[in-house]
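Enquirer: Chain residues, written in single-letter form:
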Amino acid sequence: MTVMLIVRQALSGIVRDRGVLLLVVIFAAMVAVSAFLGWSATNTVNAIYGQAVDWLTAQGAVVPPNPMHQTPPLASLRNLPVYISFLGAFAAIVIGQELVEAERRAGVLPLIGSRPVPHGRVAVARMLALLIATAFLITVAGAVAILALLSLPLQMQVADWGALAWALLLGWTYMSAFGLLALGFAARLQGTAAGLLAATVVWLAITFVLPALTGNVNPTAAINPVSALALVPDTPVFHWLSRLLGPVSLSEAFGWLEARTMGYLPEGLAPRAPLPLLGLWLAFVGSAAFAFHANKTLDPNGGCDA
Amino acid sequence: MIDASPDTPAIALRGLSLRYGRHVALHPLTLDVPKAEVFGFLGHNGAGKTTTIRLLTTLLTPTEGAARVAGYDITTQAMQVRANIGYLPENVRLYDRFTTRENLTFFARLSGVQDARRRVDEVLERLGIADLSNRRVGSFSKGMRQRVGLAQAILHDPQVLFLDEPTSGLDPMGVRHLRQMIDQLRAEGMTIFMNTHLLSEVASSCTSIGVLAHGRLVFHDKVSAIAGYDERRLEELYVSVVRQEDAA
Numbered sequence: 001m002t003v004m005l006i007v008r009q010a011l012s013g014i015v016r017d018r019g020v021l022l023l024v025v026i027f028a029a030m031v032a033v034s035a036f037l038g039w040s041a042t043n044t045v046n047a048i049y050g051q052a053v054d055w056l057t058a059q060g061a062v063v064p065p066n067p068m069h070q071t072p073p074l075a076s077l078r079n080l081p082v083y084i085s086f087l088g089a090f091a092a093i094v095i096g097q098e099l100v101e102a103e104r105r106a107g108v109l110p111l112i113g114s115r116p117v118p119h120g121r122v123a124v125a126r127m128l129a130l131l132i133a134t135a136f137l138i139t140v141a142g143a144v145a146i147l148a149l150l151s152l153p154l155q156m157q158v159a160d161w162g163a164l165a166w167a168l169l170l171g172w173t174y175m176s177a178f179g180l181l182a183l184g185f186a187a188r189l190q191g192t193a194a195g196l197l198a199a200t201v202v203w204l205a206i207t208f209v210l211p212a213l214t215g216n217v218n219p220t221a222a223i224n225p226v227s228a229l230a231l232v233p234d235t236p237v238f239h240w241l242s243r244l245l246g247p248v249s250l251s252e253a254f255g256w257l258e259a260r261t262m263g264y265l266p267e268g269l270a271p272r273a274p275l276p277l278l279g280l281w282l283a284f285v286g287s288a289a290f291a292f293h294a295n296k297t298l299d300p301n302g303g304c305d306a
Numbered sequence: 307m308i309d310a311s312p313d314t315p316a317i318a319l320r321g322l323s324l325r326y327g328r329h330v331a332l333h334p335l336t337l338d339v340p341k342a343e344v345f346g347f348l349g350h351n352g353a354g355k356t357t358t359i360r361l362l363t364t365l366l367t368p369t370e371g372a373a374r375v376a377g378y379d380i381t382t383q384a385m386q387v388r389a390n391i392g393y394l395p396e397n398v399r400l401y402d403r404f405t406t407r408e409n410l411t412f413f414a415r416l417s418g419v420q421d422a423r424r425r426v427d428e429v430l431e432r433l434g435i436a437d438l439s440n441r442r443v444g445s446f447s448k449g450m451r452q453r454v455g456l457a458q459a460i461l462h463d464p465q466v467l468f469l470d471e472p473t474s475g476l477d478p479m480g481v482r483h484l485r486q487m488i489d490q491l492r493a494e495g496m497t498i499f500m501n502t503h504l505l506s507e508v509a510s511s512c513t514s515i516g517v518l519a520h521g522r523l524v525f526h527d528k529v530s531a532i533a534g535y536d537e538r539r540l541e542e543l544y545v546s547v548v549r550q551e552d553a554a
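Residue numbers (the working numbering), protein chains in the order written: chain A, 1 to 306; chain B, 307 to 554.
Honestly, I wouldn't trust all of these hints.
Derived SDA-like pairs: lysine to any residue, alpha-carbon spacing no greater than 20 Å straight-line [claimed, not checked]:
| hint | chain 1 | residue 1 | chain 2 | residue 2 |
| --- | --- | --- | --- | --- |
| 1 | A | 296 | B | 383 |
| 2 | A | 296 | B | 381 |
| 3 | A | 296 | B | 367 |
Hints in this document: simulated from the structure, not taken from any laboratory. All figures in this text were calculated on a predicted structure; none of them were measured in a lab.
For reference, chain B alone in the conformation it holds in the complex:
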C-alpha cells in the first residue's frame, strides 16, 4: 500500500548502496527527503551523486538496501517509480535531427501523457521556449538544450524531479531562469532532488542539503537549521565536513 499522507517522505533511502565487485560506488545511504522540498545533494566530482540519482531513477539496481520514491519501491515497483519521476541528466542532448516539438511529443507519449500536443504547448509556453518549438535541437546552445531537457522532465507533471548538475555550463541568465523554474515547481508541490557541486546554487534554491564524500553521506540537514546560512557559511560547512571525512 502507498502511504499518501503528507508526512511520508517523497524520497526515502534505507542503507541504499552499490558495489561493482570490490569497488564501492555508494556506501549504505540512509536519507529522507520530505515532499515539496528542494534537496541539494552536494559533493565533489566522483563522490557518488550521479550514482545515487541513477539508483533512484531505476537506471541502476542497488546491490544492498532499499529506497522508495513517490511511495514506490525502486526495485520491485520500478514502473510506478518511473511514472512519477522526471529526470534531467547532466549534459542532456536529445534527438539532434528532430525539432523541439518532435522531441517533446515523443517523450510525452512515452510517459503516457494523453493529450501530448496540448501538454507540449503548455510546457513550451511555461519555459518560454515556444519560439524554439519548430527548430532542430542539433542547432541549440547548451542553455537552450537544458531548457528543452527540463521540459521533457516535467511534461508528465511528475511528483519528484531529479536534476543532475542542472546549471552546469549555463550562462547567468540561464541559471537565473532555472532557479525561478525550480521555485515555481516547488511551490506547486513538486519535490526536487538536485545534484550539484555549486554552493551558490544550493544557497539560492535548496530547502535542505546533504553532503556526499567518497560515497558516504557526511552531512544532512534542513537549510533553516544552519545558523547564519549563506553561501560563505555553506562553503565553510562543506569544507569542514569533507575534511573530516578525508581525515577519517
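One chain only, chain A, in its complex shape:
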C-alpha cells in the first residue's frame, strides 16, 4: 500500500519533468529510426531481388532464393539493441537519478523520513518506480519494433515473436541495471552533478572504453550493430585484456546476447564474457542491491546543514 503510494508519487513526478519526457521522446524517435532503417533495408533488398527475379526469369536462368528469407526476420531490427544500450541506458540513468534528486531538491526527504514508513520500503518503492519507467521505455521500443515487423513482408513464426520478447526482456534488464546504478549513486552522492556524473562515467566506460580495450572496437564501431561484434585482434595485449576485462564488459555481453537472440550473430563469434547472460543478471542484481542499500541508508535530512 505505502510502496505503491510512493511509486505513484515518484512516477507522477517523472511524468511532469520536461527533461525526462524529452529524453523519452528522443529514445522513442531513435527506436523508430532504427526500425525504419531495418524496414528500409529489407524493402530495398526485396525490390532489388524482385527486379533480379524478372531479369533472371527472362534470361531463363535459375532464380536463387530471396536472401531476406535466408535471414532471420528479427535481424532487420539489428539497430534496436544499439539504441537500447545507448539512449535507453542513458534515459534510465537520468530517470534513476531524478527519482532521488527531485525529492532532495523539493526538500521532502525529511518529511518522508519522519513519516511512519520504514526506509527500506521507501527504497523498494523508488526501485519499483525505476523498473516501471524502464518497462515503459522498453514497451515503447517493443511497440515500434512490432509495427515495423508487421509492415514488412517477413515470415514471422511464433518462435520469432518469442525471441523478440526475450530480446526486449534483455534490453529492459540492461537499461534497468544502469537506472538502478544511477538511483544508488544519486542516493549516495549529494547534488545533481555528482550523482549523474558517477553513473554516466560507469556507462561511458562500459559502453565505449571496455569494448575498445577488449576488442579494439572504437566508439564509431561500437554504435554499429555489425562492427561492434568483432573478433578479438590477434595480439597478446588484446588477448589478455579481453580475458581480463571481458567478464565485466557489459555492453559487449548485451550486444552478443541480442545478436544471438535476434539471429544476426556472426558465425563462430564467441562472447567476451564466458557466461554473458549470467553477467547481465549479476549486473542487474548488483545494481539493485547497491540501489537498495544506498536508498535505505539515504540521509533523510537531504544533506542540509545542522
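Starting from the known structure of chain A, fit chain B onto it as the hints suggest.
Expert: Relative to the frame of chain A, chain B by itself:
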C-alpha cells in the same frame, strides 16, 4: 509500556548527544517538555537546535543518551514516534510540480490517514488556504509554502509538533497567522517544540524556554517563572546566559 498519565512529559531527553567523530554536534542534553506546552528552543545559528529536532524526529540517530517523544523511545520505537509527530523543517519546499492538494493528499496517506481527501479539506479550511488547493506549489511565496508546510505537519493530528524556525522569512501577517495557529493547536492539547532565534516569537507564543549555546543547554525554565517577562527581559536573559557560556 507507554505511560499515558498527564504528568508524563511529551518530550523527555536524557543525556541525548550526537558526535561526528571528534566533533560534538550536541552535548548531553537532559530536558523535559510537558504535554500541551509550547517550548521555545533558543540559540544562535549552529548552536545545535536543528540537530536536536532531527534527533527527536528520528532523522538522526544519537550517539549517546536516550529520548522519548509522545511516550516512545526515539531509537527503539522510531515508527511509533513518527506516527505521533508532525514536523515542519526550515525552508520547506514540497513537490513543486504538484498542487497543494496533491502534496497534502500524498503526505496524509503516507501518515496513514484513512479519509485523506476529507482531512485535507479540513486542514486547508482551517489554515485558510482552501483557495490554494488546486495551485501548483512551485508558484508559491515563502509564506504560502510555510502554510502548506504546516498543513502537512498537522494532517494526521500528531501529539507533538516540531517547528524549525517557523517564522523565518515570513511577513508580519504570516507571523501573526502562525502564532494564532500555534495558540489554537496548544489549546487543543498539542505539544509544540519550536526552534527559533527570534525572541519576539518566544515572548508571544511560548510557555517554556530553553537556551542552547555551543551544543549545551544553558537555561531552561517556565516562562511564568521569569520575573517581569517580556521581550526585553528575555533578551537580557538570553545575552546573559550565552555570555556566561562563552566565558566558560
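Enquirer: If a hint holds in the structure, say so; if it doesn't, say that too.
Expert: Each hint, compared with the structure:
no. : hint          : result
1   : A:296 - B:383 : 18 Å, holds
2   : A:296 - B:381 : 16 Å, holds
3   : A:296 - B:367 : 14 Å, holds
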